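Chains as they are written, first to last, in this note's numbering: chain A, 1 to 335; chain B, 1 to 335.
Incorrect hints may appear among the rest.
Repeated chains share a single entry, so a pair holds when one copy, or any two copies, can fit it.
What the hints assert, rightly or not - Derived DSSO-like pairs: lysine-lysine, alpha-carbon spacing no greater than 27 Å straight-line:
{"no.": "1", "residue 1": "K24", "residue 2": "K283"}
{"no.": "2", "residue 1": "K172", "residue 2": "K283"}
{"no.": "3", "residue 1": "K20", "residue 2": "K53"}
{"no.": "4", "residue 1": "K283", "residue 2": "K216"}
{"no.": "5", "residue 1": "K216", "residue 2": "K53"}
{"no.": "6", "residue 1": "K20", "residue 2": "K216"}
{"no.": "7", "residue 1": "K68", "residue 2": "K283"}
{"no.": "8", "residue 1": "K221", "residue 2": "K113"}
{"no.": "9", "residue 1": "K113", "residue 2": "K208"}
{"no.": "10", "residue 1": "K326", "residue 2": "K113"}
{"no.": "11", "residue 1": "K50", "residue 2": "K172"}
{"no.": "12", "residue 1": "K326", "residue 2": "K20"}
{"no.": "13", "residue 1": "K53", "residue 2": "K24"}
{"no.": "14", "residue 1": "K283", "residue 2": "K221"}
{"no.": "15", "residue 1": "K283", "residue 2": "K113"}
{"no.": "16", "residue 1": "K22", "residue 2": "K53"}
{"no.": "17", "residue 1": "K172", "residue 2": "K221"}
{"no.": "18", "residue 1": "K283", "residue 2": "K22"}
{"no.": "19", "residue 1": "K326", "residue 2": "K22"}
The hints are simulated quantities; they were obtained by calculation from the structure and are not laboratory data.
No experiment lies behind these values; they were computed from the predicted model shown.
2 protein chains.
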Amino acid sequence: PDDNPRNYFSLNPLNRCSEKRKDKTWLRNKVLADNTRFIAFHNLSVLATKLPKGTSSQRYELARVEMKDIELYMAANPVTVFLGIEQTNRHTPLTFEEPGLFAVDLSLAEEDKVLSLMPDSILMPGYPAAMQLRPEEAGIYAEARSMLAWHDRYQFCPTCGSPSRLEEGGYKRVCEDMECRSHNGVHNTCYPRTDPSAIMLVVSPDGKRCLLGRSKRFPAKMFSCLAGFMEPGETIEDTVRREVEEESGVIVDRVEYHSSQPWPFPASLMLGCIAYATTDHIKLDEEEMEDARWFSRPEVVQMLTRQHPQGLFVPPEQAVAHQIIKTWVRRTANL
Amino acid sequence: PDDNPRNYFSLNPLNRCSEKRKDKTWLRNKVLADNTRFIAFHNLSVLATKLPKGTSSQRYELARVEMKDIELYMAANPVTVFLGIEQTNRHTPLTFEEPGLFAVDLSLAEEDKVLSLMPDSILMPGYPAAMQLRPEEAGIYAEARSMLAWHDRYQFCPTCGSPSRLEEGGYKRVCEDMECRSHNGVHNTCYPRTDPSAIMLVVSPDGKRCLLGRSKRFPAKMFSCLAGFMEPGETIEDTVRREVEEESGVIVDRVEYHSSQPWPFPASLMLGCIAYATTDHIKLDEEEMEDARWFSRPEVVQMLTRQHPQGLFVPPEQAVAHQIIKTWVRRTANL
Ligand SMILES: Nc1ncnc2c1ncn2[C@@H]1O[C@H](COP(=O)(O)O)[C@@H](O)[C@H]1O
Ligand SMILES: Nc1ncnc2c1ncn2[C@@H]1O[C@H](COP(=O)(O)O)[C@@H](O)[C@H]1O
Ligand SMILES: [Mg+2]
Ligand SMILES: [Mg+2]
Ligand SMILES: [Mg+2]
Ligand SMILES: [Mg+2]
Ligand SMILES: [Mg+2]
Ligand SMILES: [Mg+2]
Ligand SMILES: [Zn+2]
Ligand SMILES: [Zn+2]
């Protein structure tokens with residue numbers, strides 16, 4: 001529907017209907033509606049079922065569980081988040097009777113009880129397993145998993161240490177201590193956290209090569225874009241320059257935003273950029289990085305298509321890194 | 001030094017030297033070094049001094065306090081954050097002996113004691129007062145204020161409710177309970193929080209008008225871009241489409257990133273965009289918004305230059321909104 005590049009975890013067909021989050025009666029009825037479904041999690045692994053065998057690498061879809069099957073667990077009031085409503089056409093006004101979708105944390109149940117909710121199901125852990133979901137659902141998964149990860153780690157008010165409780169369909173946590181100063185004014189302590197992080201393809205001063213590196217945690221032979229968390233008081237472009245210099249010693253001047261992608265492990269926002277270097281001497285950050293090198297376009301093409309003679313490769317198409325690298329390769333057909 | 005547009009709070013001449021944050025000895029020595037200075041805060045207001053009278057609207061600069069003047073307060077171990085080192089030229093390697101800058105929270109002292117640290121000083125509250133700082137220092141302020149605001153609201157571990165203590169030059173908080181699961185692996189609960197938020201100029205389907213609105217909190221007669229916080233599982237472009245539709249009922253298709261700016265009230269990252277609408281019927285969000293209208297280019301020029309017949313205006317040049325609006329006006333000289 002638009003010209004912007006779409007990344008894997010960004011395809012979310014739901015209308016979040018945030019205006020309904022404060023309407024407790026509506027939410028209670030929606031939870032109970034016949035056409036409502038639940039995406040079930042167990043310790044942040046999602047219940048998924050195998051798709052009929054195909055050629056694509058997307059081999060699973062999210063299981064959609066009905067209320068009648070989880071009623072027993074719902075009595076214990078597990079963390080439940082209103083994800084949104086299935087809207088088939090953005091231009092047709094919603095009736096709000098369309099199917100609703102919730103995420104529910106069934107960690108209180110035993111693993112095999114959760115698996116028994118759906119035939120042929122698995123509990124799919126996070127990265128990289130979740131790359132195997134149908135792309136049409138990857139955005140629903142991203143929303144659901146990052147919300148449940150937030151509730152998992154933020155059960156106490158960071159301002160006073162008291163327990164907090166869930167409100168607004170799971171999109172808010174409120175301190176239980178009515179004397180806490182978090183009740184005066186609007187504070188980010190009450191809202192889900194998203195960590196912006198920059199990821200960048202660095203182009204060499206002569207425009208002919210790009211910089212790829214290996215963090216110590218990478219699988220053998222994989223190279224990817226450099227990346228790092230934004231810090232308070234920075235722009236995206238500042239973060240790109242700082243992280244490239246920290247990790248590789250290379251100095252970057254101009255930065256071009258490419259696209260963004262939520263990365264729900266647990267709650268990053270990847271900001272994909274193309275960065276133009278003015279120096280090419282590499283001085284590796286030995287603490288974080290294992291290697292960083294300039295690669296020529298032909299070699300990068302081999303890595304993208306998994307035909308590199310030494311078996312080097314880059315992350316799969318579901319990662320922003322892949323998409324930025326591909327954009328550079330497309331733009332440099334003359335090399 | 002680069003082609004990217006620079007916004008007000010993004011001009012930060014410091015090198016953050018993040019690799020020094022883990023080096024306790026180096027940090028301790030740096031705090032005590034003769035050429036080290038401290039930016040002092042009191043309840044998130046910053047100590048600033050008046051500049052000699054000029055014509056510009058930037059009338060204050062940050063006070064740079066010496067250790068000998070605050071030694072007494074330092075004994076109480078106030079929150080102190082290492083902001084970075086003054087690097088005059090990015091291409092000259094640092095010796096690490098260059099002047100260091102720290103932020104210090106003197107809320108434990110009385111207000112007039114803090115004011116007495118520097119002749120002719122004021123304690124400058126947050127927005128909009130901080131718009132009056134020298135632009136060369138606005139980025140230092142942004143880094144310092146958002147870090148202190150984080151320490152102010154996040155003194156307890158959100159995972160278990162225990163108190164947490166400051167580490168890594170103030171860039172990390174660690175749970176005091178050694179049994180807490182926050183000690184296993186790397187978790188965002190330990191790191192400063194930044195809230196990404198989209199702010200967008202919406203262009204009408206015919207390209208001739210743009211959409212500006214008034215939130216209920218705005219000063220009289222001011223109109224600005226629509227804006228809203230990113231939610232978990234969204235891309236920047238998704239947030240732009242959702243917030244525009246929520247606040248005005250207008251449907252947006254293509255979204256173009258313009259620039260970003262840290263907004264330290266308390267810790268937002270403003271992501272400025274230009275958004276292209278496919279519909280123009282306005283249906284106002286009555287809860288958040290007081291008004292939203294399509295404005296023609298000539299009227300927007302009057303608002304930018306404060307020459308509008310009814311006195312309508314847009315935010316000052318220090319705000320991203322101003323810069324995005326100006327970009328649209330520059331691009332549409334034919335209208
Ligand atoms: N929000 C965050 N989540 C996880 N790690 C963070 C965060 N902010 C800063 N860090 C630190 O950043 C390191 C990763 O480096 P980088 O991704 O290059 O910035 C981690 O090992 C942490 O020490
Ligand atoms: N991180 C956050 N900080 C403050 N308010 C938030 C945050 N996240 C969501 N909100 C909510 O967003 C509202 C402002 O609306 P908007 O800026 O249009 O998204 C606030 O009144 C809060 O209810
Ligand atoms: Mg990194
Ligand atoms: Mg980093
Ligand atoms: Mg790094
Ligand atoms: Mg808003
Ligand atoms: Mg919002
Ligand atoms: Mg809004
Ligand atoms: Zn509290
Ligand atoms: Zn803890």
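- [ ] Go through the numbered hints given earlier and state which of them the structure violates, listing their numbers in rising order.
- [x] Hint check: 3, 5, 7, 8, 9, 10, 11, 12, 13, 15, 16, 17 and 19 fail, others pass.
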